[in-house]
Amino acid sequence: GYLGFVNSVIKDLIPQSISLIQEETNFVLGTVVNLLRLGKRLSEGYESLKDSQNKLLKILKQFRHYGKIIHYKNNAAQPVVYKDYVPHSTAETNGFRSLQWKDTPDVIGKATHDHLS
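If you count the sequence shown from 1, you need to add 1 to reach our numbering.
It is possible that some hints are incorrect.
[To be verified] List of simulated lysine-lysine pairs, BS3-like, C-alpha gap at most 25 Å:
| # | residue 1 | residue 2 |
| --- | --- | --- |
| 1 | K103 | K74 |
| 2 | K41 | K111 |
| 3 | K111 | K12 |
| 4 | K84 | K62 |
| 5 | K12 | K41 |
| 6 | K12 | K56 |
| 7 | K69 | K84 |
| 8 | K111 | K69 |
| 9 | K59 | K12 |
| 10 | K84 | K103 |
| 11 | K56 | K69 |
| 12 | K12 | K103 |
| 13 | K103 | K62 |
| 14 | K69 | K41 |
| 15 | K51 | K103 |
| 16 | K74 | K41 |
| 17 | K74 | K59 |
| 18 | K59 | K103 |
| 19 | K12 | K62 |
| 20 | K51 | K62 |
| 21 | K74 | K111 |
The set of hints was computed from the structure by calculation and includes no laboratory data.
I would like the entire structure built from these sequences, with the hints used as guidance.
What follows is the structure, encoded as structure tokens:
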């Protein structure tokens, strides 16, 4: 599985959410968020949750999605269908396990732009 992706999303989501609260609310609420160190508390809480669920995370790391995904190399590219149906293999022809994960700065912003714009 790709727990690294979920981890990246959550780690990006916390500071972006705090910034959004501060930008979109009045000065008093933004100041309260700063005083409570909400971003730091949420980050520490997430790390604590991960640590407490170590056994479950080991199982989740073994999860494999079997089926199809549609991948677009860029905004103008034609879609390519990738399939994986074979357990514990490296990949079938056009298997999506052959796609390499690319770290994306601002995952939430990119996903919002790509899917909601």
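Okay, the hints, checked on the actual structure:
1. For the suggested pair K103 and K74, the alpha carbons sit about 12 Å apart, so the restraint of at most 25 Å is met.
2. In summary, the hint linking K41 to K111 is supported, as the alpha carbons are separated by about 23 Å, within the 25 Å threshold.
3. Annotation: proposed proximity of K111 to K12 holds, straight-line Cα distance about 15 Å (limit 25 Å).
4. A C-alpha spacing of about 20 Å is found between K84 and K62, which places the hinted pair at or below 25 Å, so the restraint holds.
5. With a CA separation close to 11 Å, the supplied pair K12 and K41 stays within the 25 Å bound.
6. As the CA atoms of K12 and K56 are separated by approximately 21 Å, the hinted pair is consistent with the 25 Å bound.
7. Note on K69 and K84: the hinted pairing holds, with a Cα-Cα distance of about 4 Å set against a maximum of 25 Å.
8. A hinted pair counts as satisfied when its Cα atoms are at most 25 Å apart, and K111 with K69 qualifies at roughly 22 Å.
9. Between K59 and K12 the CA atoms are separated by roughly 20 Å; this keeps the pair inside 25 Å, and the hint holds.
10. In summary, the hint linking K84 to K103 is supported, as the alpha carbons are separated by about 19 Å, within the 25 Å threshold.
11. Annotation: proposed proximity of K56 to K69 is violated, straight-line Cα distance about 28 Å (limit 25 Å).
12. The hinted pair formed by K12 and K103 meets the criterion: a straight-line CA distance of about 16 Å does not exceed 25 Å.
13. Between K103 and K62 the CA atoms are separated by roughly 18 Å; this keeps the pair inside 25 Å, and the hint holds.
14. Among the hinted pairs, K69 with K41 is inconsistent with the structure: their alpha-carbon atoms are about 38 Å apart, more than 25 Å.
15. At most 25 Å may separate the alpha-carbon atoms for a hinted pair to count; K51 and K103 meet this at roughly 23 Å.
16. A C-alpha spacing of about 35 Å is found between K74 and K41, which places the hinted pair above 25 Å, so the restraint is violated.
17. A C-alpha spacing of about 31 Å is found between K74 and K59, which places the hinted pair above 25 Å, so the restraint is violated.
18. For a cut-off of 25 Å, the pair hint linking K59 to K103 stands: about 22 Å separates their Cα positions.
19. Between K12 and K62, the direct Cα distance comes to roughly 18 Å. Compliance with the 25 Å bound is thereby established for this hinted pair.
20. Taking the CA atoms of K51 and K62, the gap is about 13 Å. The hint holds against a cut of 25 Å.
21. Under the criterion of a C-alpha separation no larger than 25 Å, the hint pairing K74 with K111 is consistent with the structure, at around 14 Å.
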